[in-house]
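Peer 1: Residue numbers (the numbering used here), protein chains in the order written: chain A, 163 to 459; chain B, 128 to 439.
Just so you know, these hints were derived from the structure itself, not from any lab.
From the three backbone atoms N, C-alpha and C, an ideal C-beta is built for every residue, glycine too.
Don't take each hint at face value.
[Said to hold, decoys possible] Label pairs and their calculated CB-CB ranges:
hint, chain 1, residue 1, chain 2, residue 2, range
1, A, Arg-231, B, Glu-253, 28 to 34 Å
2, A, Leu-447, B, Lys-366, 50 to 56 Å
3, B, Gln-367, A, Ala-205, 45 to 51 Å
4, B, Lys-366, A, Thr-278, 38 to 44 Å
Spelled out, the chains give:
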Amino acid sequence: MRAQRRPIEVIAEKGIEFLIRLCGISAILFVFAIFFFVFREGAPMLGKIDLGKFLFTQTWYPTSLNQARYGVGALIVGTLSVTTLAMFIAVPFGVGAAIFVSEFCGRKTKEALKITIELLAAIPSVVWGFIGLTVMNVVIQKVFNVPVGLNVLNAAILLALMSVPIIVSIGEDSLKAVPDSYREAGLALGCTRWQLVWRVLLPAAKNGLLAAVLLGVGRAVGETMAVLMATGHSVNIPHSVFDSVRTLTATIAAELGETSEGSDHYRVLFLIGILLFSITFAVNLTADLIVKGIRKK
Amino acid sequence: MTKNTHLKWVLRLSALATLAAGLLLAGCSKSDSSGSTGGGGDKPSAGEKTSIQNIGSDTMVNLAQAWAEAYTKVAPSVSVEVSGGGSGIGIAALINGTCDIANSSRQLEPEEVEKCKAKHGHEPKEFMVGYDALSVYVHPTNPLNEISIEELSEIYREGGKIDKWSQLGVTLPGGNDDIIRVSRQNNSGTYHYFRETVVGKKSDFKLGSRDMNGSKDVVELVSRTPGAIGYSGLGYATKQVKILKVARKKGGPYVQPSIPTTLDKSYPIARPMFMYTPGQPPPHVQKYIDWILTEAGQKIVEESGYVPLPKK
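Chain A on its own, in the form it takes in the complex (with noise of 0.2 Å):
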C-alpha cells in the first residue's frame, strides 16, 4: 500500500486538473470570442445594407467616389467554383492515397508516405501562393496557350495540394476503422483486393471519407494567402477554368488593412468574414455530425 499523499501534492494534482481543464474550454472561449468580435465590427451594416444585394449583386466598388456598392456576388462564386475545382483534384488523389496507405503499401513505404504527406501539410501557404505566381502562370499559359495563368486552375491546384494531406490521415484513419474482420470475410470468400476495397472498404468507411473530404473543403474555403496571388484577384464571374476570380477570403486580406476603423468598407468586410465563417461553420458541423453518425455504428 502507499503512503498518504501529503497535502501539497494533492493541491498540486487539483491545480494541473484545472489548468488542462482551462486548456480544453479555451479554444471554445477563443472561437466564440473571435466569432463574437467579427459579429460585432459586421452587424451594425446589416441594417444599413440590403442582403439581397449584398449577396446576389457582382458589383465590388467599395471605394468608389461616384457611389459605393458592395455586391460580393461575383466572390462568392469566385470562393466557390474555386473550392468545387480543387476537390474535384483533391477528393480522387486524396481517397486513393488514403486507399494505397492503408491498404495496399508495405510497412517502410507507408512510413515515408505519410512523412512526405505530413510535410506536404506543413508548406505556409504564402510559399504555394509564390509558386502558383511564378510556376504555374507561367506553366499554365505555356500548356493552355491561354492569355494569363493566374486563374481558377492555377488556385484550384494549389489548394488541392493543400487539402489533401488533410483527406489522406482522416481518410486512411477511417480505413483503418474497418474491423479487420470485414477483410478476413471478403477474403475468404475470394475477392481480389480491387472487389475487397470497392464492396467492402468503401462502402464501411463511407462516412469517414465524406467528413475527410468535407474537413478538406473546409481548408480550401478558408485559405487565404495562396488564393490571393494565384487567382489573379479579379472580380468577374468566370465562364471557364481559364477566367481570373476572387475570392471572399483574399478579399479581406486585400482591403481590411486600409480602411479606417468603422467606416462602411469596414463593416461590410465583416460582414465577408461573418458569412465566411457561417459557411466553414456548417462544412465544419456536417462533418462532425457525419463523424459522429460513425460512432454510433
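For this one, chain A is given, so just place chain B on it according to the hints.
Peer 2: Leaving out everything else, chain B in the frame of chain A:
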C-alpha cells in the same frame, strides 16, 4: 480509436482556426502597430536610440527604405522603421495615430483631414518630398509604343469601349487579342490617382481587372503576360517590360516618362509624393524630413528611379 478521435479533433479545429487566424491577423495588423507608437511622444535622450515609424505608400516604400538606410549614417541614434502596404494603410495609421510619418502617393482627401483633426486636435502637416511618373507598362513583345489618356480611359473605365488590342491597331504575336488589364487594390494611392486623372473622377474601373497588391506585382505580372497592360511607378521599371509613351490627346505629342518631362509637366500622369505627420512633428522627426528635402536626400530620390523636387 481515442487517438484517432483526437487527431480528428485537432484537424477539425485547425480547419476552423485557419479562418479564425486569418481574420484575427487582419484585425490585428492595425492594433499591432499601435503598440509601437511611442516613437512620436518619447523625448529623445542622449545615447538612447529613438525610432521613427514610417508607414504607407507602396509606390514610395523602396525610396523610404533607401532614405532610412542613408539616414543611419547621418544620425546613428535615430532608426527609421519603414513599412509599406499602400497609401491607404499609411493614412489609416495617420488617423489612428499609429505612425510618426505616413507616406502617401496622393494628397489627403478633405474628409481624411477632418478625421485626423477630430482625432488629434490639429490638422496633419504635409511635406512634398518628390515626384513619381506613373508609367504604363506592356509586355516587351507588344508592338504598341504609345497610348493616349483617352484610350487608357476606354480600356480601364466602367463601360469603356476598348477591350481588344486590335482596337488600338496592333496585333500581338501569339494571337491573343484580349487586353489583360492589370490594376491595383482599391485603396492604393496609385489606384486613386489613376482613377482621378485617367479613368475619370466620377467614374469607376471596369470590373474584371487583375488587382495586384503592390507596385512591384503589377510589373511582375505584366512581364509574364504577353497580353497585359498595367500602371505602376517609374521606379519599378525593369528590363522585362516596355514603358509606353503617353499623350494627353490622341495624336498629340507622346511623351516618355523621365525626370525632365515630369518637371516641365509635359508628361501627363506624373504626381507628387507626400509625407504626412499628425500635426507639427517632434524635433527628431522634423530633422529627418528636413534632411530628406536637402540635396543629399533628394539625390536618393533620383537614384531610386523617382523624380526629385526642382532645385531652388
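Peer 1: For the pair Leu-447(A) and Lys-366(B), does the Cβ-Cβ distance stay inside 50 to 56 Å?
Peer 2: This hint holds: roughly 53 Å between Cβ atoms.
Peer 1: Regarding Arg-231(A) and Glu-253(B), is the given constraint of 28 to 34 Å on their beta-carbon distance met?
Peer 2: 31 Å, holds
Peer 1: Tell me if the beta carbons of Gln-367(B) and Ala-205(A) are separated by a distance inside 45 to 51 Å.
Peer 2: Hint holds: Cβ distance 47 Å, inside 45 to 51 Å.
Peer 1: Check the following: the C-beta atoms of Lys-366(B) and Thr-278(A) are separated by a distance inside 38 to 44 Å.
Peer 2: Because 39 Å falls inside the window, the suggested range holds.
The structure fails none of the hints (numbered hints given earlier).
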